[in-house]
Structures are given as structure tokens and as C-alpha cells.
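Asker: Listed here are the chains, written in short residue letters.
Protein chains: 2
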Amino acid sequence: MGYRYFDDQRLWDLTVEVFTRNGYSRSDCEDIANVLLASDRMGIESHGVQRMKLYTHSLEIGRIKRGAKSEIVRETPVSAVIDAHDAIGQPVSVAAMQMAIDKAKKAGVGIVVVRDSNHYGIAGYYAKMAADQGLLGISMTNTEALVVPTFGKQPMMGTNPIAVSMPGTPHPFHLDMATSVVPAGKMEVYAKAGKTLPGDWLMNSDGSPSYDPNDFLRIRATKSLGGIFPVGGEGETNSGHKGYGLSLLVELFCGILSGGRTSNEVRVVPNVDKVCHFFMAVDYSIFGDKEQMEKRFSQYLEDIRNSALADGQTRIYTHGDKAYAHMARVAEEGVKVNDKTYDEIVKICQDLGIDPAEYLIEKAGPQA
Amino acid sequence: MGYRYFDDQRLWDLTVEVFTRNGYSRSDCEDIANVLLASDRMGIESHGVQRMKLYTHSLEIGRIKRGAKSEIVRETPVSAVIDAHDAIGQPVSVAAMQMAIDKAKKAGVGIVVVRDSNHYGIAGYYAKMAADQGLLGISMTNTEALVVPTFGKQPMMGTNPIAVSMPGTPHPFHLDMATSVVPAGKMEVYAKAGKTLPGDWLMNSDGSPSYDPNDFLRIRATKSLGGIFPVGGEGETNSGHKGYGLSLLVELFCGILSGGRTSNEVRVVPNVDKVCHFFMAVDYSIFGDKEQMEKRFSQYLEDIRNSALADGQTRIYTHGDKAYAHMARVAEEGVKVNDKTYDEIVKICQDLGIDPAEYLIEKAGPQA
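Protein chains in written order, with the working numbering: chain A, 120 to 487; chain B, 120 to 487.
Calculated from the structure, these hints are not laboratory results.
What you are looking at is a predicted structure, and each value in this text was computed from that prediction instead of being measured.
Just so you know, not all the hints are guaranteed correct.
Using 30 angstroms as the maximum straight-line C-alpha spacing, the simulated DSSO-like pairs for lysine-lysine come out as follows [as the list claims (entries may be wrong)]:
no.: 1; chain 1: A; residue 1: K225; chain 2: B; residue 2: K409
no.: 2; chain 1: A; residue 1: K172; chain 2: A; residue 2: K414
no.: 3; chain 1: A; residue 1: K393; chain 2: B; residue 2: K409
no.: 4; chain 1: A; residue 1: K342; chain 2: B; residue 2: K414
no.: 5; chain 1: A; residue 1: K414; chain 2: A; residue 2: K225
no.: 6; chain 1: B; residue 1: K225; chain 2: A; residue 2: K409
no.: 7; chain 1: A; residue 1: K414; chain 2: B; residue 2: K393
no.: 8; chain 1: B; residue 1: K414; chain 2: A; residue 2: K393
no.: 9; chain 1: B; residue 1: K305; chain 2: B; residue 2: K482
no.: 10; chain 1: A; residue 1: K188; chain 2: B; residue 2: K188
no.: 11; chain 1: A; residue 1: K225; chain 2: B; residue 2: K225
no.: 12; chain 1: B; residue 1: K188; chain 2: A; residue 2: K414
no.: 13; chain 1: B; residue 1: K188; chain 2: A; residue 2: K409
no.: 14; chain 1: A; residue 1: K224; chain 2: A; residue 2: K414
Interface residues of chain A toward chain B, partial, derived using beta-carbon atoms under 7 angstroms [as the list claims (entries may be wrong)]:
no.: 15; residue: G162
no.: 16; residue: T195
no.: 17; residue: V200
no.: 18; residue: V228
no.: 19; residue: P268
no.: 20; residue: G271
no.: 21; residue: M285
no.: 22; residue: P289
no.: 23; residue: A340
no.: 24; residue: L344
no.: 25; residue: Q432
no.: 26; residue: H438
Backbone N, C-alpha and C define an ideal beta-carbon position, used for all residues, glycine too.
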């Protein structure tokens, strides 16, 4: 599989154009483009512009309901519940996180949960929204069921990411992790590249471990037994029950608190999704001097980066180091797009009467 | 190593007596005994009455300051910061969690952080306090640094447990997990039993993996390089960076928000501990009908228990199943005490002029 690199700002413009032609307002289109391009700019290829195909397909089959208006169904000074009414995931999620942020600025803490939504992109985008406004941010979402419980072989939980972002120097602490050993997108990347899985990630339908990413694609497409292991892997020896527990935590915070669905009830038919999200912001000035806390946490992370290296290693990262370094390079290098995604984008443009050449401006890519 | 089984209520009485003789009030003694015995009653031997030796030793060397009074240093309707002033960990932690619960009952959410404290026992005790009062409870603590960051070999984080408890049927969802692949106590259990470690848990001082639990004891005692891996294990292949990230999250919530210390600064000299804790309660009626949420989450967990078994497995557990089953049996069976702990308890009794025979009432243990 080959790759090309394209100008990130023009891909953003293209995303806005694609959703404008799908009937979305300028504001909605900007939310969608911001979330997708944030992913590409952070180097998370699986959740960037390659998701345009999923979203346009979801619009075609009615999984994303055109013109759906989300609704605040319950609210207190520290919380809200939003019913997305099957709207596209990004605008309602941006609004929900902003609501959590606004509540936190007044009350110290804000928690907003969303039900009956669609794929919302990277969890980290929403956590980062809070950090960019000087608050601690948390976001989680459930997904379709792709993960097996410890000692089970039926996928009952989603890959259920947890993202946390805390302001600091030289950049926020930024954790964005699936509670499965790997996210589904990583399986897709290995499948596209024709590579064997390098770790104990997957249980096959017959219950045995598998190292073939195509087994994952088949399990997902046919809704068969088997699935991804939780963080910690198979069984309890290396604490797979911990990843499993964290995954259930995400189900509780997203599917249950919102009055929505757990992952085993999400996308059970192709044209109904109904994932649920969780957003939380904390104005940590309720605990003390903000600048002091940011400084101390940044120093701690710096001490870790400078601590003794394991043998054969050249660098210790803390969470966000890779993503922020990628963001700093991307305007120069361009966004990495694989050939399959390129073809999909060209097709979407043709279907909508957009000239792809106007938006797909090639860049040189990373220089050695 | 042999085991005996003792009446749990009399062990509780003994714990109260030991701390009464150490000058603690009845209320403080009950808090300490409640937390220690809750651990034994749940089957978590490492954090039960065997901790009496640690606590009496800590009192002797001044790590736990006798007569220290904790102080609320900052407070809002949704939050508080408590300085424990080096007091024994349980009473201040019980008070902090109750404060979080009381705030949540009024405001929907309560978060209380504690700095400059001592070992507080099982994180799950505090989360369960909220669940027992009909709320969602969360607790975390940092610890002395025993865990290596991904690609590093210097212990920079604690084993940093996260506990979450949510009311339900037949018992609360109850997650209580170290963010390291195993807690330190599990290493001690393997060392006492003379067993080889069954998983990839430990990095030795020279950077190689070790399966000898005595290497862990030596690393801890001599503050050497090496340590326990985060959940997900060594490197990034099976997502060790996720456990590492969760561990940093606990450092942020405990050591940073409280204005206290991160684990690398905890117990750097034997007579100063200064761990920090985090307590949160949520009255989920702010999101909807509580009974409905409890019912739906309980049903989801039951569906998971009844889902397809992995090959060779006989049962799928959800979090809390094992602990609550143990609690139901313990009055009949007694609390499991290993010979070393038994000797330690007898010694503590002798030092304080307590007749151990009055309190150590043997029970039959588990019947086949």
C-alpha cells in the first residue's frame, strides 16, 4: 500500500465542502472538519479524513439522520443529558463538551453525557478542548461490541476509549487510549498492510489466539464469536480483567448514565448506531493555584522523560509527546493518506460534483 | 507457608484494641478496623490485618504522626482539599469520602483530595462507601514509586490503584485495580510462597525481565533500578503505555490536584510517607432515574456472565463477583491468615500487653 501527503488546510476545506453539500451548516461542517483533521494532524490516520467514507455511507443508509436536532433532556448546574436523536456525532459532541466546560467554569465541575449518537471521532479531541481552555478534560465513548470479556469469547464491550487532557508545558498531558489492547483501526491498518499482528491482540471465532488481522475483519463483518482482548490480554495472568473492568466503566459512564445503549446493543443493525459519549471538565482552581499545579505536573513528566532508559531504548515518552510533535510538523509535511483512502475521497468528490484536484494538494512528506 | 483461619469479628475487635492502645479514639479505631477487615472479608489478604505490622512500625518510626489532626485547607460546594498532616490514613480517608458523598447528595458531584497522608488500605473500601449509600463512588491513591515507565527502568510511579463502585443487583459493580500489571502485595505473596512469577510482571535492575519475586523485594528495599510493569506489560506491543498513562492519571488526580507529592517523592526516607488520595462521589439521579440505571447496568453485567465461554473456561466473572462471594462466606469460614502474619500479630499483642488468645479464635476454613 502506497501513501501520499496532502496539505492539511485544504483537506480541512474539502471536509467542510463535503458536508456542506450534504446539507450541514457551516458551523456543523467546521466541527466535523476540526475533529477529523485534528486526528490526522496528531498522526492518528485511522480516525482522520479516512472516516469521511464511513460518514457519507452512514448518511446514505440513514444511520446518521440528516437534519436531526439534538436535545437537552435533563440539566443541573453540574450536569446535562443530551439525546442526539441519531445526529452526526461531532457537532453534538463539541456542544456537549463546551457545555461541560462552561459548567466547570461556573461550578468547578461539569459532566455531560450524550445518548443515541454516532461515531464522534477521536476521544482526545474533546478532552483537548478543555485543556485548550485551561481546564482538565475527560472524554469517553462506547462503540460497537468488538471486545471479549475475560474468559469469554463473545464480543460484549466496545473498544471504549478514555481520553484525558491536562494543561502543561511544553504541551498538555494528553492520554487517548482504547481500553482494548488495540483499537479496531489498528487492526485495519495491519490488514491493509498485509502484516501479521505482533502481539496477543485477538481471539479467533474458535477461541484460539489469532495473529491474522483479516480474522478481525471477518469477525466484525459477520458478527461472529471472537474479538479483541481488553488491555492486559487474555485471561487474568497479565491482568486482562483490568482492561475488561475499565471497558465496563466506559459502558457505565456512557451507555448507562445517559440512559442510552451499551456496546452490545450498538449498531446491531447497520442503519442504527446509537453510541453514547461522556464529557467532563474540571476547573482545578477549586483545588489550588492552577499555574502551580501545571508547573508541578509538567516537571514530574519531564523528570520521567529524563529518568533511566530501559536497555536498547533511546527515549521515554509521556502522553501527548508524539501527537504534539506530529502537529508541529504536519503543516510542512502534509497529512499522510493511503491509496485506498485517496481513492475513496476522489469517489466522494465525484459523487458530489467536487473537483478533487482543487483540494488535494500534494506535499513532500517527512524529510529524512 | 501454612495458613490458619480466624473469626473475622474478633480480628476486628483486636484491631480496635491495638489502635486504642496506640492512643487512637474509638471512632478512629473503628475506621481502621473497618478498612482492614473489609479487605480480609473480600479475600484481599495483602491489605487486611497483615497491614497492622506496617502501621505499628510506621507509628514507631514517626512515619505516621500520632495525634496528627487533618485539616480542610480549601472547600467549594463540589470539592475539598484536606491536608492529613501525616496522620494515619484510614480515618482521614473515611472522612474525606463521606465529605465527597455529602457534597454529591447536595450538588450532584463531590470530589475531595487528600495530601500528606499514609497508607489508606484498599481503594475499594472508599468507593464501596458511596455505593453503600446509593451513589457511584471512585477512589484512587498514589503509593511509593515501584513501577517503571514504558521504555524506562527507573521506578517513577506507584502501583496507583483505581476503584469504582456502582450500586446494582445482586451486588454493586466493584472494580479495584492497581494500574501496574500486579500490585506490590501480589509480589509479596509469591515471594512468601517461594513461587516463580507466572507472567511478564517485573523488570530486573539490569533491565532484563525477571520471574523471581525476590528481585522485586530487593529492588524495593534497596531503591534500585527496575520495577513492576504498568498494565499492558513491557514496551508498547501489548499497550504497556496505556497502564503507564493510567498511572500518570492517578498521580495527577492524587498528588497534583491535592498540592501534595507524586509517587517518586513519596517515602523517599523511611519516616516520611506523604501519599495522596482522591475521592469522588456522583449522585447519578442528576442524569435520570437511579433505579432504572442500576437495573440496566445489572442486566448488562448478567448478560456478560451468561455470554459464550472461552474454551476451557467455566465461568465469566464481572467485577465484584469474587469479593462479594467471599464476604458472604467469611463469617462461616474465618479470615485466612498466613503463619508469618500470625507471628507478627502475636508479637504486636505481646508488645501492647494484649492476650492474643482472647482474640485469635480459630475457624474451620473453607470446606470442600
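Asker: Given the proposed pairing of B:K305 with B:K482, does the C-alpha separation stay at or below 30 angstroms?
Answerer: holds, 25 angstroms
Asker: Should the interface hint for A:T195 be scored as holding, given a Cβ-Cβ cut-off of 7 angstroms against chain B?
Answerer: holds, 5 angstroms
Asker: Quick one, is the A:P268 hint okay against chain B at 7 angstroms, beta carbons?
Answerer: This interface hint holds because 5 angstroms falls under the 7 angstroms limit.
Asker: With a cut-off of 30 angstroms on the C-alpha distance, tell me whether B:K225 and A:K409 pass.
Answerer: Judged against 30 angstroms, a Cα distance of about 26 angstroms means the pair holds.
Asker: Can we keep the A:P289 interface hint, with Cβ of chain B closer than 7 angstroms?
Answerer: Check failed: Cβ of A:P289 comes no nearer than 16 angstroms to chain B, outside 7 angstroms.
Asker: With a cut-off of 30 angstroms on the C-alpha distance, tell me whether B:K188 and A:K409 pass.
Answerer: Measuring from Cα to Cα gives roughly 26 angstroms; hence the hint holds.
Asker: At a threshold of 7 angstroms, is the proposed contact between A:M285 and chain B supported by beta-carbon distances?
Answerer: Holds: closest Cβ of chain B sits about 6 angstroms from A:M285, inside 7 angstroms.
Asker: Run the distance test for A:K342 versus B:K414: straight-line Cα separation, threshold 30 angstroms.
Answerer: The given pair, whose Cα atoms are some 27 angstroms apart, holds under the 30 angstroms limit.
Asker: Classify the hint on A:G162 as holds or violated, based on whether any CB of chain B lies nearer than 7 angstroms to its CB.
Answerer: A:G162 check fails; min Cβ-Cβ to chain B is 14 angstroms, beyond 7 angstroms.
Asker: Given the hint that A:K225 pairs with B:K409, does the C-alpha gap stay at or below 30 angstroms?
Answerer: holds, 26 angstroms
Asker: Below or equal to 30 angstroms on CA atoms is what counts here, so check A:K414 against A:K225.
Answerer: holds, 24 angstroms
Asker: Take a quick look at whether A:K188 and B:K188 sit within 30 angstroms of each other, Cα to Cα.
Answerer: violated, 54 angstroms
This entry does not satisfy hints 2, 10, 15, 22, 23, going by the numbered hints stated previously.
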